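K.L.:
For this one, chain A is given, so just place chain B on it according to the hints.
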Amino acid sequence: KNQVEQSPQSLIILEGKNCTLQCNYTVSPFSNLRWYKQDTGRGPVSLTIMTFSENTKSNGRYTATLDADTKQSSLHITASQLSDSASYICVVSAIIPSWGKLQFGAGTQVVVTP
Amino acid sequence: DAGITQSPRHKVTETGTPVTLRCHQTENHRYMYWYRQDPGHGLRLIHYSYGVKDTDKGEVSDGYSVSRSKTEDFLLTLESATSSQTSVYFCAIRGGRTDTQYFGPGTRLTVL
Numbered sequence: 001k002n003q004v005e006q007s008p009q010s011l012i013i014l015e016g017k018n019c020t021l022q023c024n025y026t027v028s029p030f031s032n033l034r035w036y037k038q039d040t041g042r043g044p045v046s047l048t049i050m051t052f053s054e055n056t057k058s059n060g061r062y063t064a065t066l067d068a069d070t071k072q073s074s075l076h077i078t079a080s081q082l083s084d085s086a087s088y089i090c091v092v093s094a095i096i097p098s099w100g101k102l103q104f105g106a107g108t109q110v111v112v113t114p
Numbered sequence: 115d116a117g118i119t120q121s122p123r124h125k126v127t128e129t130g131t132p133v134t135l136r137c138h139q140t141e142n143h144r145y146m147y148w149y150r151q152d153p154g155h156g157l158r159l160i161h162y163s164y165g166v167k168d169t170d171k172g173e174v175s176d177g178y179s180v181s182r183s184k185t186e187d188f189l190l191t192l193e194s195a196t197s198s199q200t201s202v203y204f205c206a207i208r209g210g211r212t213d214t215q216y217f218g219p220g221t222r223l224t225v226l
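Line by line, the protein sequences give chains A and B.
Count the first sequence with our numbering and you get residues 1 to 114, in order.
Count the second sequence with our numbering and you get residues 115 to 226, in order.
For reference, chain A alone in the conformation it holds in the complex (with noise of 0.2 Å):
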């Protein structure tokens, strides 16, 4: 069973209203959740990254929250753009092992709509 699970798997957006995206990860011990970014034929770019005491992370009009208690997360776009459509990938590590191992999510297809 994937240990990060994102919702929904594609969301449909007009130009200039906002969305908000899940994620809910088993990993354990947790160490940091990213959001990543990836354009369509291009390599993910990460776009926040926070840490088991942050709850809240921004980067321009992108939004990253998390709750480690329950563990999730959302990343909440405002204002969307056209040059938002893309793939965003949650992704999770754990403490160990240390050479960087992380769990993927499946991504959300997102796609603006002028």
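These are computed hints drawn from the structure, not numbers from a lab.
Quick caveat: nothing in here was measured; it's all calculated off a predicted structure.
Treat the hints with care, as some may be off.
[Unchecked claim] Below, a list of computed lysine-lysine pairs in the BS3-like style, where the Cα atoms sit at most 25 Å apart:
| id | chain 1 | residue 1 | chain 2 | residue 2 |
| --- | --- | --- | --- | --- |
| 1 | B | K171 | A | K101 |
| 2 | B | K184 | A | K101 |
| 3 | A | K71 | A | K57 |
| 4 | A | K57 | A | K101 |
| 5 | B | K167 | B | K184 |
| 6 | B | K167 | A | K101 |
| 7 | A | K17 | A | K57 |
| 8 | B | K184 | B | K171 |
| 9 | A | K101 | A | K71 |
P.N.:
Using the frame of chain A, we list chain B on its own:
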């Protein structure tokens, strides 16, 4: 971009032929990784390296081998390609203050 390139970017080959993909970094980072990405599966780790000549297996390593003779280069080899290895392959390097993994642009491999 994090100073990471992959070559080739696209390749079509036939079943049974050997294939080598190259990952090159200019950041002098210690850790390098090879992933494959398939629809519905997300990114899965094939092999990783923690230094020159130091490598280890990931979760989907069967049918793949790797080599790292220099810090900047990490090679992924499919000894005898199969159709199930048709995928998009990403290399990543780990570094920076937050130990973030930075991904290359990917190689799309098609095995006929």
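K.L.:
Going back to the hint list, which numbers does this structure go against?
P.N.:
none
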